[in-house]
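Novice: Residue strings, one per chain:
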Amino acid sequence: MKRLARLLALAAGALLAFPATAQTPRNGGELIFPVPSEPPSYDGHREETFGLIHPFAPFYNTLLRVDPNDPGGTKPVASLAASWTVSPDGLTYTFKLRQGVKFHDGSEMTSRDVKASYDKIIFPPPGVGSSRKGSYADVAAVEAPDAYTVRFRLKEPSASFLLSLASPWNFIYKADILSKDMNWYEKNVMGTGPFTFVEHVKGSHVVGRKNPNYWDKGKPYLDGFRAIFMRDSAAQVAAIRGERAHIQFRGFSPAERDSIVATLGNKVTVQESPWDCILMVGINHNKKPFDDKRVRRALTLAIDRYEGSKALSKIAIVKEVAGVQVPGTPFATPREELAKVAGYWPDIEKSRAEARRLLKEAGVPEGFTFTFSNRGIPMPYEPLGVWLIDQWRRIGLNVNQQVIEAASYFGVIRKGDAQVHMDFQCGYIVEPDLDLYKFLSTDRNPANYGFYKDSVLDELYDKQSRATNPDERKRFIREFEKRLLDDEAHYLMTLQWHRIIPHSAKVKGWTITPSHYLNNTLDTVWLDQPGH
Amino acid sequence: MIRYIIKRLLAIIPTLFGVAVLIFLLLRVVPGDVVEARYMSGEGQFQSQELMQIERKKLGLDQPLWKQFATWMAGLVRFDFGLSMWTGNPITEEIKLRFALSLQLALMATLVATLLAIPLGILAAVKQDTWIDYAVRVFSIAGLAMPSFWLGILLILALLVFFHWLPPMVFTPIWVNPWENLAQLIWPALAVGYRYSAVSTRMMRSAMLEVLREDYIRTARAKGLWLKLILSRHALKNAMLPVLTIISLEFAFLLGGLVVTEQVFNLNGLGMLFVESIARRDYTLTQALVMLVATFYLVVNFAVDIAYAWLDPRIRYR
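Protein chains in written order, with numbering that gives the first Met the number 0: chain A, 0 to 531; chain B, 0 to 317.
Quick caveat, the hints were computed from the structure, so don't treat them as lab data.
Take these hints with a grain of salt, some might be off.
Partial chain B-side listing against chain A, Cβ under 10 angstroms, derived [what the hints assert, rightly or not]: (1) Leu96; (2) Ser231; (3) Gln262.
Heads up, the beta-carbon is just placed ideally off N, CA and C, and yes, glycines get one too.
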């Protein structure tokens with residue numbers, strides 16, 4: 000154990016002592032990384048899985064991107080757009096595009112391509128699926144007044160709009176291709192990105208080669224990359240341990256990290272971050288006695304999140320005690336303030352005494368039994384499920400766990416038969432508009448599996464979404480959080496996921512963020528000792 | 000003999016039809032469909048019903064069940080398996096990609112198993128109740144007790160810890176680079192072949208013991224024939240019948256059943272494709288794979304029956 004701790008310290012120390020920016024990048028080498036999931040198609044506008052982003056993002060650019068050096072993952076920076084301005088009323092965003100950007104077929108990228116791509120995302124023609132159309136509901140029109148200018152006109156001011164344009168899914172496609180066949184990008188790859196597409200052998204791998212005409216001169220540093228589809232985490236660990244692969248961009252469990260570090264010692268660098276994913280407990284408001292907010296509050300008051308964090312972070316990919324935002328990000332509630340919310344009180348005995356009192360007051364008898372539906376995925380659903388059941392037993396509740404197969408899970412939950420269930424949220428950028436949408440009333444969000452309507456909560460969401468002043472927005476978010484988790488206890492949070500990336504120390508120029516969807520363009524990544 | 004072959008071949012058709020009906024219905028009984036698996040299994044819980052309906056219509060899932068079945072059967076009789084509901088690619092392409100690997104692995108594992116099982120089984124029978132027999136029995140029971148994927152994990156760990164080496168992670172066909180190909184497949188073939196040999200060794204031993212007690216073997220011995228000759232000419236052929244059945248059925252199983260071993264060694268084979276297609280509710284691909292494996296089992300069984308007839312003339316004359 001001591002040896003492990005020493006190795007971890009060494010690895011972390013190496014990371015701090017040699018930040019990527021302090022070294023001169025070297026050219027060459029092929030980055031090899033396992034990808035635990037394979038996408039059904041290549042169309043970023045349509046797909047949902049990180050299995051698309053990891054191997055295919057390097058072939059594309061987006062209008063803006065999230066700063067690849069920002070560990071918070073919340074700062075939009077220029078990508079195909081060189082600069083932008085926002086009108087004083089917050090309703091018009093104008094972007095000046097870079098000139099001389101070429102698609103991989105040699106044609107020039109212009110505002111026509113950006114407009115066609117965003118029209119496909121926001122206003123898809125009938126029969127064309129767009130997965131994130133709803134995130135741009137405020138957009139009235141996308142215009143291309145000249146070859147290098149793109150303008151977005153909004154119906155209402157939106158605090159999240161700029162960051163939403165940095166979405167890693169919004170690949171810029173070629174307008175001429177889209178005009179002929181809107182579905183062409185489902186089976187073909189052709190972008191402006193730092194790497195050109197070489198091959199995809201289904202079920203096996205994707206290969207990309209350096210784009211010699213990339214607009215960002217000097218980049219990319221790598222000669223190419225090879226993404227290998229590998230579902231089994233033991234095989235992924237073996238690949239990193241055996242130095243057959245450099246990095247896996249999604250994340251490993253603490254035990255997997257320890258085994259890699261124990262084998263590779265100072266040949267590995269470990270980067271860790273809170274992860275923009277969380278398991279929540281959904282409480283069906285249509286089922287008695289959970290229609291009573293006292294019962295729902297009792298459920299959250301029973302949970303000792305601080306002790307849970309200490310124990311579970313050793314065995315599962317969870318760690319931080321969090322409210323509705325990822326800890327450490329701009330709109331997250333500080334710990335001392337969060338400690339005032341029900342379920343986050345530092346004194347667990349007081350909290351559980353209150354839970355028992357509330358149950359008694361609501362007429363719920365000692366030993367009351369209910370069913371908790373959990374999803375059939377071992378990590379982290381299984382340990383968190385076991386933990387929750389134990390926590391609720393401590394206030395005199397008996398819980399039966401019903402494990403439902405992963406693929407059909409949400410289909411079953413959506414029917415509304417479950418009493419209490421595990422729910423899930425994973426964001427591609429830490430942004431309150433994206434993260435809080437889940438909790439809106441069931442008539443606004445069909446994925447609200449608590450099946451409640453709360454107009455006050457909806458109003459708070461809209462207010463924070465329109466608030467362009469960050470302090471004002473923060474205030475609305477706090478109110479939203481208090482109502483959601485404490486006053487009404489519509490949902491209750493477990494623990495924030497914790498992202499752990501142990502990678503070959505040869506990999507430089509890559510910074511972990513709270514999202515496994517971000518920072519996968521690979522233009523900044525380079526290999527120390529590329530020939531080895 | 001020809002009549003026998005034709006009769007056996009004709010029996011395959013209703014069996015395949017039964018399998019087709021069964022798998023079609025069973026898949027529809029399982030909750031969820033490919034659209035839910037694609038858009039609601041993870042990050043995308045927020046998809047509108049409108050998008051889900053568009054996707055279902057595209058895939059023909061909005062059609063009544065009998066129509067879906069009829070469309071599938073119409074394609075099947077023309078050997079057209081259709082498109083994968085998950086990727087939209089032709090199913091023959093999806094299977095072709097994985098078939099070479101699975102077939103090679105099945106052949107290699109069968110070779111390993113046969114090379115181990117037949118000599119060891121004979122040896123154990125001939126040297127019954129000696130230390131050799133006990134050693135063979137321990138070896139085969141250990142093989143039965145140890146799951147092949149676990150042996151695979153041990154092999155990977157041993158390669159990693161003792162040699163700091165791992166098999167290649169991407170499949171290279173044997174005609175492209177034989178060394179790279181064998182470096183990847185020899186380890187799963189050993190892991191699977193060992194377990195597979197354990198069953199066959201025990202079968203070989205008991206079948207051989209039975210044959211060795213037959214009158215005609217005693218007669219051959221009494222005539223003063225060499226033991227080697229008795230074994231190869233008189234005993235082996237008869238003792239091989241049950242072993243052949245085991246080896247053939249295992250071979251058919253290996254084509255689509257090596258799910259965990261394929262996972263452990265990261266092999267892009269039919270077993271993984273099978274499991275993924277079920278998890279993704281890719282009806283068309285799952286149906287095609289079930290039909291493929293069923294056909295394979297039937298063909299292997301048919302070949303075994305023919306081999307039986309060749310090995311044992313009594314079956315032919317019946």
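Novice: For each hint given before, does the structure comply? Return the numbers of the non-compliant ones in rising order.
Specialist: Going through the list in order, the structure violates hint 2 alone and respects the others.
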